[in-house]
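Asks: Produce the entire structure from the sequences given, and follow the hints as far as they go.
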Amino acid sequence: MFENENNSLSYLIDQLHRLPGIGRKTAQRLAFHIIKDNIEDASELAHAILEVKSKIRYCNQCFNITESDKCNICNNPGRDASTICVVEDIVDIIAIEKSNEYQGIYHVLGGAISPLAGISPDDLHIKELLIRSQDADVKEILLAINPSTEGEATMIYLSKLLKPYNKRITRIASGVPFGAHLEFIDNGTIGRDIISRRDVE
Amino acid sequence: MYLQKLTLKNFRVFSDIDITFKNGINIISGPNGQGKTSILESIYYLALTRSFRSTNDKNVIMFNNDYFSINGDILFEKNKHMNAILSYSTNEKKQLYLNKKKIDKFSAYVGKIPCVLLTLNDLKLTMGLPSNRRNFMDVLLSQVSPVYLQNLKSYKKIVQHRNKLLNENSDNHDQNQMEAWNKQLVEYGSYIVNDRIKFIGFMNSNINKYYNKFSDFKEDISVKYNPSFKINSDSDSIQEIMKHFQKKLNKVKFVEEEKRTTIIGPHRDDLDFLKDNKSFKEYGSQGENKTLIIVLKILEWLYVTNQNKKSPLMLLDDIFGELDRSRISGLLNFLDGIGQSFITTTIKNKFNDLSNKNDIYLENSSIVYG
Chain V
1 MFENENNSLS YLIDQLHRLP GIGRKTAQRL AFHIIKDNIE DASELAHAIL
51 EVKSKIRYCN QCFNITESDK CNICNNPGRD ASTICVVEDI VDIIAIEKSN
101 EYQGIYHVLG GAISPLAGIS PDDLHIKELL IRSQDADVKE ILLAINPSTE
151 GEATMIYLSK LLKPYNKRIT RIASGVPFGA HLEFIDNGTI GRDIISRRDV
201 E
Chain P
1 MYLQKLTLKN FRVFSDIDIT FKNGINIISG PNGQGKTSIL ESIYYLALTR
51 SFRSTNDKNV IMFNNDYFSI NGDILFEKNK HMNAILSYST NEKKQLYLNK
101 KKIDKFSAYV GKIPCVLLTL NDLKLTMGLP SNRRNFMDVL LSQVSPVYLQ
151 NLKSYKKIVQ HRNKLLNENS DNHDQNQMEA WNKQLVEYGS YIVNDRIKFI
201 GFMNSNINKY YNKFSDFKED ISVKYNPSFK INSDSDSIQE IMKHFQKKLN
251 KVKFVEEEKR TTIIGPHRDD LDFLKDNKSF KEYGSQGENK TLIIVLKILE
301 WLYVTNQNKK SPLMLLDDIF GELDRSRISG LLNFLDGIGQ SFITTTIKNK
351 FNDLSNKNDI YLENSSIVYG
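Taken in order, these protein sequences are the chains called V and P. First residue of the first sequence: 1, per my numbering; consecutive thereafter. First residue of the second sequence: 1, per my numbering; consecutive thereafter.
Keep in mind that a hint or two might mislead.
[Claimed, not checked] Computed, partial: chain V to chain P, Cβ under 10 Å:
#: 1; residue: 24
#: 2; residue: 118
#: 3; residue: 156
#: 4; residue: 157
[Said to hold, decoys possible] Facing chain P, a subset of chain V residues (Cβ under 7 Å, in silico):
#: 5; residue: 115
#: 6; residue: 116
#: 7; residue: 149
#: 8; residue: 153
#: 9; residue: 160
[To be verified] Only pairs whose alpha carbons sit at most 30 Å apart, straight line, appear in this in silico BS3-like list of lysine-lysine:
#: 10; chain 1: V; residue 1: 25; chain 2: P; residue 2: 58
#: 11; chain 1: V; residue 1: 163; chain 2: P; residue 2: 183
#: 12; chain 1: P; residue 1: 164; chain 2: V; residue 2: 163
#: 13; chain 1: V; residue 1: 98; chain 2: P; residue 2: 105
#: 14; chain 1: P; residue 1: 243; chain 2: V; residue 2: 163
#: 15; chain 1: P; residue 1: 9; chain 2: V; residue 2: 25
#: 16; chain 1: V; residue 1: 160; chain 2: P; residue 2: 243
#: 17; chain 1: P; residue 1: 253; chain 2: P; residue 2: 230
Keep in mind the hints are simulated off the structure, nothing from the lab. Predicted model, so just to flag it, every value in this text is computed and none were measured. The beta-carbon is built from N, C-alpha and C at its ideal position, and this holds for glycine as well.
Replies: Structure follows, in structure tokens:
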């Protein structure tokens with residue numbers, strides 16, 4: 001119907017459809033909502049999008065998002081700067097922060113090593129992590145990377161590079177999720193879980 | 001367990017059909033092109049979430065429609081029911097529901113309805129490509145353990161990553177990254193090898209018993225595992241397999257860099273079937289080959305039953321035309337004693353001697369029970 005026409009509506013639908021998690025139908029629904037909206041609301045949305053693009057930057061220490069040079073977490077003197085938690089993406093920081101269990105600071109890699117996706121170690125913020133790790137105040141590096149084949153490769157790679165710095169290198173416990181059944185967990189995961197088993201408190 | 005009722009919507013030639021099956025042998029007959037094989041295909045689809053005929057889910061949808069669904073009711077002992085629905089539409093991913101609950105991880109589902117398939121294609125199992133024999137083990141072991149399937153999926157992904165890396169980095173390869181992939185390749189690959197060794201051991205302790213039921217001469221049949229690195233199949237622990245794998249991987253480093261591909265690991269495994277210690281490929285006759293394949297399928301059924309504690313559905317697609325009287329009666333004898341099986345055929349009266357069977361006749365894609 002209108003989708004094949006080269007007009008402003010199909011242009012908007014295309015642009016919305018480009019966003020992650022937005023299918024064609026959702027894009028249509030959003031577009032029609034914007035059409036029904038009054039002009040003030042629509043320009044506020046457009047303004048919000050442009051403002052976020054002009055104001056948000058990456059923290060020059062950890063690559064979290066911020067509106068100044070350093071992010072809120074790196075700037076917070078209450079955080080324990082001797083522990084660096086390494087994550088793939090900014091959303092992982094949000095997940096860890098929600099748990100209220102972690103008091104240290106972060107380092108965002110910007111992905112995981114994946115030859116198939118064309119992501120090599122040079123594409124990630126690994127050099128910056130190595131520079132930060134030289135600091136004598138840093139005592140522990142906690143690898144909180146997603147448990148996938150790519151995440152695992154990244155973790156093995158990082159632990160090799162970090163070894164000469166003589167820091168404590170840890171990884172978050174992974175594998176069997178709470179409420180899961182052992183019979184459905186792969187051998188690799190169970191094997192690693194058994195190697196990294198701990199005493200019952 | 002057995003499949004009690006199957007409902008197909010827009011699946012191949014069936015726009016909307018209900019079929020009731022019985023426990024025991026179900027004979028699906030009718031002229032060509034009526035959808036006999038499609039019924040077996042849909043059962044296999046529901047069990048393994050993919051087709052044995054087509055690699056593209058779209059091809060299965062009935063012409064001029066945009067979705068298909070397969071709905072099966074399974075009855076276990078003690079009147080326990082299970083309902084499974086697999087559907088696919090062109091604008092959504094494949095969806096799977098078990099007892100009305102959505103299943104996201106298909107690998108945890110495979111094996112809930114185990115099945116063993118025998119088609120004319122399987123006649124190439126012994127003589128054809130090594131990938132046929134790996135596929136035979138993979139389909140079977142995936143139904144025995146969801147862990148095998150997950151290991152296999154991870155392993156295949158790692159091989160792909162590694163091949164890409166070998167292809168790019170021939171000049172300035174990053175040894176640290178390669179080692180990160182090697183560690184995982186060895187880990188997942190060794191678990192796969194370990195599971196295959198167990199199954200091959202099972203085949204070797206049972207193959208003669210069944211083969212000689214079909215054969216007038218006493219012959220010694222065995223299966224030899226040909227992995228891409230040296231192992232001692234009888235005694236190696238998983239740690240030892242990993243050690244051998246890693247050792248061979250280090251050894252072929254330069255060959256891999258030259259060939260730019262992963263040349264060691266279970267994706268290069270093969271099986272050799274031997275008759276009196278001589279290769280079946282070279283010394284087996286056509287008839288012996290058919291016997292061996294029937295026996296392999298029987299062993300598949302036994303192994304899955306043994307490990308999964310559920311008896312697989314036997315799906316036999318149009319193979320009886322290829323078999324002589326003694327092989328037919330030997331196979332039917334076996335089928336008669338096990339749970340449920342499905343046989344497609346154009347020649348219905350081949351099965352007249354069977355007393356306990358369910359006849360399903362297909363004409364113009366509708367059903368007559370007889």
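Asks: Verify the interface restraint on residue 157 (chain V): the C-beta must sit less than 10 Å from at least one C-beta of chain P.
Replies: Holds: closest Cβ of chain P sits about 4 Å from residue 157 (chain V), inside 10 Å.
Asks: Less than 7 Å between beta-carbons is the criterion; does residue 149 (chain V) satisfy it with respect to chain P?
Replies: Since the shortest Cβ distance to chain P is 5 Å, the answer is holds.
Asks: Go through the hint on residue 160 (chain V) and say holds or violated, using the shortest Cβ distance to chain P against 7 Å.
Replies: holds (5 Å)
Asks: Residue 116 (chain V) was flagged as interface toward chain P. Is the shortest Cβ-Cβ separation under 7 Å?
Replies: At 5 Å from the nearest chain P Cβ, residue 116 (chain V) passes the 7 Å test, so the hint holds.
Asks: Does the alpha-carbon distance linking residue 243 (chain P) and residue 163 (chain V) stay inside the 30 Å limit?
Replies: Cα-Cα ~23 Å, so holds.
Asks: Could you grab the alpha-carbon distance between residue 98 (chain V) and residue 105 (chain P) and see if it respects the 30 Å cut-off?
Replies: Holds, at roughly 26 Å.
Asks: Next pair to validate is residue 9 (chain P) with residue 25 (chain V); report whether the Cα-Cα distance is within 30 Å.
Replies: The given pair, whose Cα atoms are some 24 Å apart, holds under the 30 Å limit.
Asks: Should the interface hint for residue 156 (chain V) be scored as holding, given a Cβ-Cβ cut-off of 10 Å against chain P?
Replies: It holds, given that the least Cβ distance between residue 156 (chain V) and chain P is near 4 Å, below 10 Å.
Asks: Is the interface hint satisfied for residue 24 (chain V)? The criterion is a beta-carbon contact with chain P at less than 10 Å.
Replies: Because about 8 Å separates residue 24 (chain V) from the closest Cβ in chain P, which is inside the 10 Å limit, the hint holds.
Asks: Regarding the pair residue 253 (chain P) and residue 230 (chain P), is the alpha-carbon distance no greater than 30 Å?
Replies: Status holds; Cα separation ~16 Å.
Asks: Using the nearest Cβ pair, does residue 153 (chain V) come within less than 7 Å of chain P?
Replies: holds (4 Å)
Asks: Hint residue 115 (chain V) vs chain P: min CB-CB distance below 7 Å?
Replies: holds (4 Å)
In this structure, none of the earlier numbered hints is contradicted; all agree with it.
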